[in-house]
Amino acid sequence: MSEFKLMKGNEAMAEAAILAGCDAYFGYPITPQSEVLEYLAREMPKHNRIVMQAESEVASINMVYGAAGAGFRAMTSSSSPGISLMQEGISYIAGAELPCLIVNVNRAGPGLGTIQPGQGDYFQSTKGGGHGDYKMIVLAPASVQEMADFVFLGFDLADKYRNPVLMLSDGAIGQMMEKVQFKPYTRPETDKSSWATTGKPRTRNRNYITSLHILPEKMEIHNLKLEEKFKKIRENEVRLEEMNTADAEYLFVAYGLSARICQKAMDIAREKGIRIGLLRPITLYPYPYRRLLELAGQVKMMLSVELNSGQMVEDVRLAVEGKVPVEFYGRMGGMMPTPEEIVHHLETLIQYHHAN
Amino acid sequence: MPTDQHVLPETDLIIPACHKEEEEEYEVVYHKPATLVDANMHYCPGCAHSLVHKLIMEVVEELNIQDKTVGVAPVGCSVFAYDYMDIDMQEAAHGRACAVATGIKRLMPDKYVFTYQGDGDLAAIGIAETLHAINRGENILIVFMNNAVYGMTSGQMAPTTLAGMHTTTSPDGRDVSFYGAPIKVAELMANLPGSFYVTRQAVNSANAVRKTRKALMNAFKYQQLHKGTCLVEIIGNCPSNWKMTPVEAVKFIDEEMVKTFPLGDIKVPNTEDLKIF
Amino acid sequence: MNSINDCRKPEELIVAGFGGQGVLSLGMTLAYAGMVENKEISWMPSYGPEMRGGTANCIVIISDNKISSPILSQFDSAIVLNQPSMDKFAPRIKPGGLLLYESGNIFKPSIRTDIDIIGIPATTEALKMKNTRTMNMIMLGAYLQLKPVVQNDSILEALAKVLPEKYHHLLPINRQALELGETLARQLKEPVS
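Residue numbers (my numbering), protein chains in the order written: chain X, 1 to 356; chain B, 1001 to 1277; chain V, 2001 to 2193.
Check before you lean on any hint, since a few could be wrong.
Straight line, CA to CA, 30 angstroms or less: simulated DSSO-like cross-link-like pairs of lysine-lysine [unchecked claim]:
1. V:K2009 x X:K5
2. X:K183 x V:K2147
3. X:K192 x B:K1068
4. V:K2147 x X:K5
5. B:K1032 x B:K1259
6. V:K2009 x V:K2066
7. X:K5 x V:K2130
8. B:K1032 x X:K160
9. V:K2161 x X:K183
Computed far set for chain B versus chain X, every beta-carbon distance over 12 angstroms [what the hints assert, rightly or not]:
10. K1032
11. T1069
12. H1166
13. S1170
So the derived list for chain V, only partly shown, Cβ under 10 angstroms to chain X, looks like this [stated by the list, open to error]:
14. G2034
15. P2045
16. I2059
Think of the hints as simulated: they come from the structure by calculation, not from any bench. We put the CB at the ideal spot given by N, CA and C, even for glycine.
Could you build all of it, start to finish, from the sequences and the hints given here?
Below is the structure:
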């Protein structure tokens, strides 16, 4: 096994990109993830890879489009306002079915917001973000180790489904340091020769990358094909982590940084005798609806804890089909709830539901 | 494979029948380049696009670089360029062709990469991507089709619309005190150190077509030098949106367009750089 | 994930002061030393405008078990290097915890009686060493004397990793600073009843 390193989440993600065989990174500086571009500007040339500071996030994502369309492993990263600028490009990438990795180190918004961590981009990430019918596979790391691991996983999933993959992190996971280990990685074989624009030899038809299907009949066929793909993704790629759910009477549902804070809250609550578990969705799309429905038959209440005004809670409610009360607790604007604060809120809710 | 997708439905055009036996009796003096797809183009009669498509494909055929060429289509009338050019192509979002081409060329520096963009695509929504690609000296060719009007959305004012020119969004003529003067893209971009060869041509006469073909040929060849961006601006005829007959449109270029957009080379490589040819 | 009940107690520390006082590198050195000893660690900085001379802080957690929240509101220990940090974090130390402060910068230490409060004149001592930037290492040395969460050797190994190579000529003076801090803490520590 390789040795442990102490790294920021952003740096671990950047190093993982190199190890995952990322051919090209295009980015634009924005706090709290400028380390990624800085790290890669230093390291990528040593590996004969392409790294470029683009003139905008709009240009970055379209450079990714070009490189991915030519069959290369390409990625970009940014933070919320920059990711908003990329939405047009992401929609085109999804429409043209190009595999690539996009990382959002989420900060609090709306607008310019603040540079502190947030989870306000949940809807944007999981429900489409740009125009048209499409979905990205969304991976939510909760540690520096996962920021690295999900780069490998993200690229592989992108290639497997010819679909953009979004890693939805946040400012805290990006900026914090933990130890990280880069495991040996074998890249799955993928054949892109049937679509990548590498120059047309006489022996094959021309390849072209487009998201344009001007005839409604053909557009619908394309939409149906995409939907078929998203169905496969929903069936095969749900990932989650459960803690203390075996005997749980109550359940925290939280992802990323919120899940880490909830772990501590869970420990405190369990010391007080509250049997609470934690379900951490690792994939935010596809979402673990099925498992949440199962747990709805077991627990008395679910509490979704988020760094926003209540976004993922809608998916939790959708999952449990009204079988169990679903509550929400969140902080915004770059503020983070303390574990004690969450436990206090949990206790209040338990009392309320007990009384009713 | 995508070849059969997106091809426009058969129209009612009558294609004259050819008899093979007859053909054999004649000497072939002209043939369509094999790099051009045998499809009916959707362009209007008298439009410059079909002609310029053909010229680019002739150059690709003559240089024998079909397997080394990747094109980038814009959003605009030529959005379907990939239906007609028998090469690998990518269709970019509106204005982003130069960013897409950057992504392609940086990963495949030995390929010939070109964008094909109209005035709205390049000079309005995509001016930032274009300027920065040229400033970086991306070794790509930008074919800039300037017809002073938005074609696909049928005749709105473009950044290159002539002063006083009537469009659907400047019904009283372009008021330069309100909208500014038309952008002279070639002159603007020639100022950037990253540009290597900048020229403005037209295709409204046999002579102009020959010059444009020569410019495109040079620009493709220059990519081998890795010396910077080539920009070939082509004044395109747009009789439909200029509300003219094709013949009137041809005249309009000579009589009006060239006053704002004079034809000719704006930046040429020095002979030292061209020694290898 | 184990519940907190079956872990050995982790150390939850906040380091706070002005940007430029070496707050983040103090925490990072400690975190690195934890990693050298195969412990679980997290280092969570405040980031942003603070980096440009405002207040800076980082939370360091060192544990034998996997760490849950990297963000905390209550701490076992605090190392504070300026008055605003003293005012902000002294109330957030758990009863029985340790509050270590730089006494040259802080004139109004906390009046809590349920925690250990120790002032170290690290700036004065650093001036004597003719290198004010060793102030943070004097504080770290003092902290480790009072809370030996990692071994000395690990800290020295960590220093070599945290300091960029071009500053490796400064390793000896940092080492001296650490030792000085330990000595000062030994001399100053008086049990608070």
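Hint-by-hint comparison with the structure:
1. V:K2009 x X:K5: holds, 24 angstroms
2. X:K183 x V:K2147: violated, 34 angstroms
3. X:K192 x B:K1068: holds, 17 angstroms
4. V:K2147 x X:K5: Roughly 24 angstroms separates the two Cα atoms, so the pair holds.
5. B:K1032 x B:K1259: Given pair K1032 (chain B), K1259 (chain B) is violated - Cα atoms ~33 angstroms apart, limit 30 angstroms.
6. V:K2009 x V:K2066: holds, 12 angstroms
7. X:K5 x V:K2130: violated, 33 angstroms
8. B:K1032 x X:K160: Outside the cut-off at roughly 40 angstroms; violated.
9. V:K2161 x X:K183: holds, 22 angstroms
10. K1032: holds, 16 angstroms
11. T1069: Contrary to the label, T1069 (chain B) does not stay out of reach of chain X, its closest Cβ about 6 angstroms off (not over 12 angstroms).
12. H1166: holds, 29 angstroms
13. S1170: Holds, since 27 angstroms exceeds 12 angstroms.
14. G2034: holds, 9 angstroms
15. P2045: holds, 6 angstroms
16. I2059: holds, 9 angstroms
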